[in-house]
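Chemist: Those letters in the sequence shown? Residues 0 to 249, per numbering that gives the first Met the number 0, in order.
A hint or two may mislead.
To be verified - Within a straight-line C-alpha distance of at most 30 Å, the following computed DSS-like cross-link-like pairs (lysine-lysine) qualify:
hint: 1; residue 1: K170; residue 2: K211
hint: 2; residue 1: K112; residue 2: K194
hint: 3; residue 1: K170; residue 2: K246
hint: 4; residue 1: K194; residue 2: K225
hint: 5; residue 1: K246; residue 2: K225
Since the hints were derived computationally from the structure, they do not count as laboratory data. Predicted, not measured: the structure shown is a model, and the values here were computed from it.
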Amino acid sequence: MPVQVRADGLDDFYRQHTFDTILVLDVIPLIRELEVFFGQLRSSLREGTGRLWVIDLRLDPDFTMLEFEALGDTGNGTLRLRSQPIIVQRLSEGSRQAISSLTAGNIPESPQKLVIDDLNRLLEDPTLWPEIRARSLPLNHREGRLRKYLLHTLDREGVLGKETATTLSPKARTALRFLNRLIIQDLLNNYQWEKAFGLDKLTWPQMIPLLKQIEVGHDCPVGFSKAGYELVQEHAALPYHRFWEYKVVR
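Work out the full structure, taking the sequences as your base and the hints as a guide.
Modeler: Laid out in structure tokens, this is it:
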């Protein structure tokens with residue numbers, strides 16, 4: 000049965016009940032005082048066996064087959080990829096051969112996966128943006144402010160302009176992967192990830208809370224341990240989210 004709770008703070012509903020499981024989905028960036036909120040929530044979990052499940056959207060996920068179902072077609076998906084030399088030249092020889100030799104039907108599943116693996120490798124390529132700028136390639140205006148924010152972050156981290164990626168800090172790695180994902184999906188005219196999670200509808204003020212994960216590197220949130228929780232396990236079950244399981248430390 001759905002229960003309406005207050006928008007801010009911990010609702011009395013939680014204090015009046017005890018739960019075996021509490022699921023928190025895509026709201027972490029919206030909670031202002033994380034330690035206070037979850038510290039108060041501890042007493043609502045059943046002692047010993049109670050679990051807090053935290054699921055939070057990643058801003059830097061790998062590309063998946065779900066986004067490129069049309070990649071193997073001889074139609075728009077493959078033609079769009081072929082028309083972007085800035086991406087094709089960065090693909091492996093096997094991927095380029097699979098794309099260039101396609102005349103009919105679909106790219107076999109194995110080479111199709113190879114192309115996506117290559118795109119995921121490009122997520123951490125620090126030379127992609129400098130070449131975009133050097134070629135004056137057009138990108139959509141909608142994400143201009145977001146790209147500027149990510150570029151400022153990467154500039155402070157000293158990442159851009161290097162031929163190869165050195166050891167990246169968690170902040171730099173997340174920012175670079177997010178920036179390159181935006182660039183690649185723009186060049187390929189493929190916004191399925193953004194649309195699936197409503198990111199294409201967010202205004203800049205609405206996007207700002209989500210960007211907090213770049214500042215903290217999106218590791219296991221320190222705030223949960225300070226609030227009295229112990230990480231049981233991080234699960235790798237969701238391709239576009241981080242998925243943590245916590246228990247209460249008494």
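Chemist: All the hints need checking, so say for each whether the structure fits it.
Modeler: Each hint, compared with the structure:
| no. | hint | verdict |
| --- | --- | --- |
| 1 | K170 / K211 | holds (10 Å) |
| 2 | K112 / K194 | holds (22 Å) |
| 3 | K170 / K246 | holds (27 Å) |
| 4 | K194 / K225 | violated (35 Å) |
| 5 | K246 / K225 | holds (13 Å) |
Checked against the numbered hints given earlier, this structure breaks only hint 4.
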